[in-house]
Every structure is written in structure tokens, then in C-alpha cells.
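Number of protein chains: 2
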Amino acid sequence: MVQYFRPPLDASFAALSDTTRRGVLEQLSRSDASITELAEKFHMTLTGMKKHVGVLEQAGLVTTEKVGRVRTCKLGLRRLEEEAAWIERYRQLWDARFNELDQIVEELKRKEKADGQKKRE
Amino acid sequence: MVQYFRPPLDASFAALSDTTRRGVLEQLSRSDASITELAEKFHMTLTGMKKHVGVLEQAGLVTTEKVGRVRTCKLGLRRLEEEAAWIERYRQLWDARFNELDQIVEELKRKEKADGQKKRE
DNA sequence: TAAATACTGAACCACATGGTTCAGTATTTT
DNA sequence: AAAATACTGAACCATGTGGTTCAGTATTTA
Numbered sequence: 001m002v003q004y005f006r007p008p009l010d011a012s013f014a015a016l017s018d019t020t021r022r023g024v025l026e027q028l029s030r031s032d033a034s035i036t037e038l039a040e041k042f043h044m045t046l047t048g049m050k051k052h053v054g055v056l057e058q059a060g061l062v063t064t065e066k067v068g069r070v071r072t073c074k075l076g077l078r079r080l081e082e083e084a085a086w087i088e089r090y091r092q093l094w095d096a097r098f099n100e101l102d103q104i105v106e107e108l109k110r111k112e113k114a115d116g117q118k119k120r121e
Numbered sequence: 001m002v003q004y005f006r007p008p009l010d011a012s013f014a015a016l017s018d019t020t021r022r023g024v025l026e027q028l029s030r031s032d033a034s035i036t037e038l039a040e041k042f043h044m045t046l047t048g049m050k051k052h053v054g055v056l057e058q059a060g061l062v063t064t065e066k067v068g069r070v071r072t073c074k075l076g077l078r079r080l081e082e083e084a085a086w087i088e089r090y091r092q093l094w095d096a097r098f099n100e101l102d103q104i105v106e107e108l109k110r111k112e113k114a115d116g117q118k119k120r121e
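Top to bottom, those sequences are chains A and B.
For the first sequence, the working numbering gives the first residue as 1, with consecutive numbering after it.
For the second sequence, the working numbering gives the first residue as 1, with consecutive numbering after it.
Source of the hints: derived by calculation from the structure; they are not laboratory data.
Hints are supplied without guarantee of correctness; some may be wrong.
The list treats identical chains as one, so a pair stands whether inside a single copy or across any two.
[What the hints assert, rightly or not] Heads up, simulated EDC-like pairs for lysine to aspartate or glutamate below, C-alpha to C-alpha not over 16 Å straight-line:
no.	residue 1	residue 2
1	LYS109	ASP18
2	LYS41	GLU100
3	LYS51	ASP18
4	LYS50	GLU106
5	LYS74	GLU100
6	LYS51	GLU112
7	LYS50	GLU40
8	LYS74	ASP32
9	LYS66	GLU40
10	LYS50	GLU88
11	LYS74	ASP95
Nothing here was measured: the structure is a model prediction, and the numbers come from that model.
Work out the full structure, taking the sequences as your base and the hints as a guide.
Put into C-alpha cells, the structure is as follows:
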């Protein structure tokens with residue numbers, strides 16, 4: 001289950017690809033919570049929730065600490081910086097690409113028009 | 001393989017959770033490419049690359065069109081808007097949460113200091 | 001000390017993933 | 001028409017995922 005050396009972006013995007021896990025992150029941003037509390041909130045067995053928390057922990061998005069019999073989950077130190085950066089950069093590439101294509105279309109239109117002119121001359 | 005009704009965020013984050021697929025997106029932002037070209041660039045069989053492209057297509061991040069025997073892959077219409085928005089919102093929650101915790105710590109420090117004063121009085 | 005609580009680990013399940021090979025089909029190219 | 005190219009689908013493989021149950025252990029609480 002542990003997945004030692006997945007590249008960090010792989011791990012965090014994978015962690016974010018599950019509705020329950022995104023929900024847990026939002027929950028923890030409101031207040032720390034025990035496994036039991038999370039399991040109840042998301043209608044799941046303790047064991048099931050433990051696994052989700054494990055995935056989030058592995059990705060550095062959550063940290064946990066056990067005191068007595070209760071394991072408390074908190075937000076981790078990673079703030080999705082790299083993930084935000086990757087997506088932001090992609091959006092810029094996307095924009096650039098579509099602008100480029102637009103220009104090519106414009107170019108073609110102008111040429112067509114010019115050809116039309118020629119024929120009519 | 002197809003995964004008909006995965007929520008869109010699930011599908012796109014899952015699509016982004018693989019290094020090869022992120023690479024394909026970057027590649028396509030530079031120029032359209034055939035399956036063969038992508039497969040070569042990423043040292044993979046045609047069949048393997050086809051699957052990755054399938055995942056990206058399913059997530060709306062890539063579109064493909066077959067002309068003759070060549071299937072050309074292009075960037076899709078989704079620009080990772082929702083994904084960026086989710087992450088941005090999370091970062092704000094994260095900030096808020098940590099500020100909150102800081103304030104609690106400050107509060108405790110002040111109290112401690114006050115107690116110290118009292119004892120010394 | 002007994003009972004309740006909170007978690008943990010192993011084992012299982014069905015299905016997904018990331019890859020492969022192999023055997024096609026359809027479309028160029030020669 | 002033959003050969004090369006480009007893809008496609010099925011089948012297989014090992015491993016991961018999202019969940020469960022069951023049988024514990026450790027820690028409170030009564």
C-alpha cells in the first residue's frame with residue numbers, strides 16, 4: 001500500500017482524485033479530527049477512512065499524531081504549491097497554443113481572401 | 001476501462017497523477033501529435049500510449065481525430081479551470097487554518113506571560 | 001476489574017491501472 | 001499487387017484502489 005517513491009506530483013494529484021479525500025481535506029481545514037469522526041462524517045468504516053488518511057499522509061497533505069487511543073489528523077505542511085504551479089503553467093501553455101491556432105486560422109482567411117481578389121482581377 | 005460517470009474533478013486529477021500523461025499534455029501544448037509520435041517520445045508501445053491518450057480524452061483534456069490511418073491528438077477544450085479553482089480555494093482554507101492556529105498559540109503565550117506576572121506579584 | 005472506545009492489521013473482494021504481446025484491420029506507399 | 005505503416009482490440013500480468021469484515025491490542029471510563 002505504501003508506494004515509497006512516487007514522484008510528489010503523482011502522489012498528490014492521485015490523492016486529490018478521490019471525492020472523499022478532497023472532502024477530508026476541506027474538513028481538516030475547518031478543524032482537526034480523529035479517524036472516528038472522519039469515518040462517521042463520510043459514512044465509512046474506521047479501516048476505510050484510515051486508508052484514505054494514509055494516502056493523504058503519504059502525499060504530505062495531512063499529518064497525524066496518536067495520543068492515547070485517539071489519532072488526530074491535521075492539515076499537513078504542503079499547501080499544494082507545486083500542484084497549483086503545474087496547473088497554472090499548463091493553462092498558460094494552453095492559452096498560447098490556442099492563440100497560435102487562431103493566428104493560423106486568421107492567416108488562412110487572409111490568404112483565401114487574397115486569392116479571391118486575384119481571381120476576380 | 002471507460003469509467004463513465006466519474007465526477008470530473010476525480011477524472012482530471014487522476015489523469016494528472018501520471019508523469020507520462022502530464023508529459024503528453026505539455027507536448028500537445030507545443031504541437032499536435034500522432035499516437036506513434038507520442039509513443040516514441042515517451043518510449044512506450046503504441047497500445048500503451050493509446051491507453052494514456054484514452055484517459056486524457058475521457059477527462060476532456062485531449063481530443064483526437066482519425067484521418068486516414070493516423071489519429072492526431074490535440075489539446076482538449078478543458079483548461080483545468082475547475083482544478084485550479086479547487087486548489088486555489090484549498091490554499092485559502094489552508095492559510096486561514098494556519099493563521100487561526102497561530103492566533104491560538106499567541107493567545108496561549110499571552111496567557112502564560114500574564115500568569116507569570118501574577119505569580120511574581 | 002470489567003466494559004466500552006479507538007484504533008490497527010490481515011485478509012479478502014471486485015475492479016482499475018500501467019504496461020505488455022499478439023493478431024488483426026485499414027490505409028498508404030512502392 | 002505487395003509491402004510498409006498506423007492504429008486497434010483482446011488478453012494477459014502484476015500491482016494498486018476503495019471498500020469491507022474480523023480479530024485483535026491499547027487506552028479510557030465506570
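Here's how the hints hold up against the structure:
| no. | hint | result |
| --- | --- | --- |
| 1 | LYS109 x ASP18 | neither (45 Å within a copy, 39 Å between copies) |
| 2 | LYS41 x GLU100 | neither (48 Å within a copy, 23 Å between copies) |
| 3 | LYS51 x ASP18 | within (12 Å within a copy, 21 Å between copies) |
| 4 | LYS50 x GLU106 | neither (55 Å within a copy, 32 Å between copies) |
| 5 | LYS74 x GLU100 | between (45 Å within a copy, 13 Å between copies) |
| 6 | LYS51 x GLU112 | neither (61 Å within a copy, 39 Å between copies) |
| 7 | LYS50 x GLU40 | within (12 Å within a copy, 41 Å between copies) |
| 8 | LYS74 x ASP32 | within (5 Å within a copy, 43 Å between copies) |
| 9 | LYS66 x GLU40 | neither (19 Å within a copy, 49 Å between copies) |
| 10 | LYS50 x GLU88 | neither (32 Å within a copy, 26 Å between copies) |
| 11 | LYS74 x ASP95 | between (37 Å within a copy, 13 Å between copies) |
Checked against the numbered hints listed earlier, the structure breaks hints 1, 2, 4, 6, 9 and 10; every other hint is satisfied.
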